[in-house]
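Undergrad: Take the sequences, apply the hints, and build the full model.
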Amino acid sequence: EDKVVQSPLSLVVHEGDTVTLNCSYEVTNFRSLLWYKQEKKAPTFLFMLTSSGIEKKSGRLSSILDKKELFSILNITATQTGDSAVYLCAVEAPPKVNDMRFGAGTRLTVKP
Amino acid sequence: EPEVTQTPSHQVTQMGQEVILRCVPISNHLYFYWYRQILGQKVEFLVSFYNNEISEKSEIFDDQFSVERPDGSNFTLKIRSTKLEDSAMYFCASDVAGELFFGEGSRLTVL
Chain A
1 EDKVVQSPLS LVVHEGDTVT LNCSYEVTNF RSLLWYKQEK KAPTFLFMLT SSGIEKKSGR
61 LSSILDKKEL FSILNITATQ TGDSAVYLCA VEAPPKVNDM RFGAGTRLTV KP
Chain B
1 EPEVTQTPSH QVTQMGQEVI LRCVPISNHL YFYWYRQILG QKVEFLVSFY NNEISEKSEI
61 FDDQFSVERP DGSNFTLKIR STKLEDSAMY FCASDVAGEL FFGEGSRLTV L
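For the record, the sequence lines run as chains A and B. According to the numbering used here, the first sequence holds residues 1 to 112 in order. According to the numbering used here, the second sequence holds residues 1 to 111 in order.
Some hints here could point you the wrong way.
[As the list claims (entries may be wrong)] Distance condition first, Cα-Cα at most 30 Å in a straight line; then the derived DSSO-like pairs of lysine-lysine:
1. A/111 to B/42
2. A/3 to A/41
3. B/57 to A/40
4. A/3 to B/78
5. B/42 to A/40
6. A/37 to B/78
7. A/57 to A/111
8. A/41 to B/57
9. A/37 to B/42
10. A/67 to B/57
[Stated by the list, open to error] Reference listing, derived: stretches of chain A covered by chain B, where coverage requires no fewer than 3 residues with Cβ under 8 Å from a Cβ of chain B:
11. 43-50
12. 101-107
No wet-lab data here; the hints were simulated from the structure. All residues carry an ideal CB built from backbone N, CA and C; glycine is no exception.
TA: Structure representation (structure tokens):
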């Protein structure tokens, strides 16, 4: 059975800290891994990763995929209170192309 | 910026009642989805829709559920006879190049 496991489940840090969120997966036919940020309601797209070893970066956020070890990390540097959210990892795995499997999420709380 | 819009934002209904949740996907997107998230739990795939038909559905999406795109813009999720365990946030999403754009969600509470 396909699995997407995120760790930690919950993380509390102070502003300015750097955090690393983990997502490991076991799927039959990997196509892509996506990171989303979920604040109050809808998940918002952060990154889509398809190739190993290529870092994607957006401001203070960056992410990388390791297809050999079957995991991805999401890094947030110089955290701010506005980074507080649940970060979701999702994996697309054909032949169920349109069935994205979500992990349970990591709840990040950034304290002032 | 184009966005996926959903209505209602919150609906409270009695068990056994029919519910229709509505979504307007982003206009040039071709794939549409429904996901649900039970409070405190993970986002779960329900169904995907392409070219006016269901392309995939999960085991959650049983005979009580149906989807329609009645007029080329709205995308609806119908639950025929709601159960208590249908209480959740229902997210509509549409897709371009693998990036899902989610609506704000419709919270369904079944009493």
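Undergrad: Check the hint pairing residue 41 of chain A with residue 57 of chain B against an upper bound of 30 Å on the C-alpha distance.
TA: holds (23 Å)
Undergrad: Regarding the pair residue 67 of chain A and residue 57 of chain B, is the alpha-carbon distance no greater than 30 Å?
TA: Distance ~27 Å between residue 67 of chain A and residue 57 of chain B Cα, so the pair holds.
Undergrad: Quickly compare the C-alpha distance for residue 42 of chain B and residue 40 of chain A to 30 Å and report which way the hint goes.
TA: Within the cut-off at roughly 14 Å; holds.
Undergrad: Taking 30 Å as the top limit, are the C-alpha atoms of residue 57 of chain A and residue 111 of chain A close enough?
TA: Distance ~24 Å between residue 57 of chain A and residue 111 of chain A Cα, so the pair holds.
Undergrad: Are the Cα atoms of residue 111 of chain A and residue 42 of chain B separated by 30 Å or less?
TA: Holds: residue 111 of chain A and residue 42 of chain B sit about 24 Å apart, inside 30 Å.
Undergrad: Can you confirm whether chain B covers the region 43-50 of chain A, using C-beta to C-beta distances below 8 Å and requiring at least three such residues?
TA: holds (count 4)
Undergrad: For residue 3 of chain A and residue 41 of chain A, compute the direct alpha-carbon distance and say whether it is at most 30 Å.
TA: holds (24 Å)
Undergrad: Is the straight-line distance between the alpha-carbon of residue 37 of chain A and that of residue 78 of chain B 30 Å or less?
TA: holds (27 Å)
Undergrad: Has the region 101-107 of chain A got at least three residues whose CB is nearer than 8 Å to a CB belonging to chain B?
TA: That given contact holds, which follows from 5 residues of the region 101-107 of chain A lying within Cβ reach (below 8 Å) of chain B.
Undergrad: Against the 30 Å threshold, does the CA-CA distance of residue 37 of chain A and residue 42 of chain B hold or violate the hint?
TA: Roughly 13 Å separates the two Cα atoms, so the pair holds.
Undergrad: Can the restraint linking residue 57 of chain B and residue 40 of chain A be considered satisfied, given a maximum Cα separation of 30 Å?
TA: Answer holds: residue 57 of chain B to residue 40 of chain A is near 26 Å, not above 30 Å.
Undergrad: Is the Cα-Cα distance between residue 3 of chain A and residue 78 of chain B 30 Å or less?
TA: holds (29 Å)
Violation of the numbered hints given earlier is absent; every hint is satisfied by the structure.
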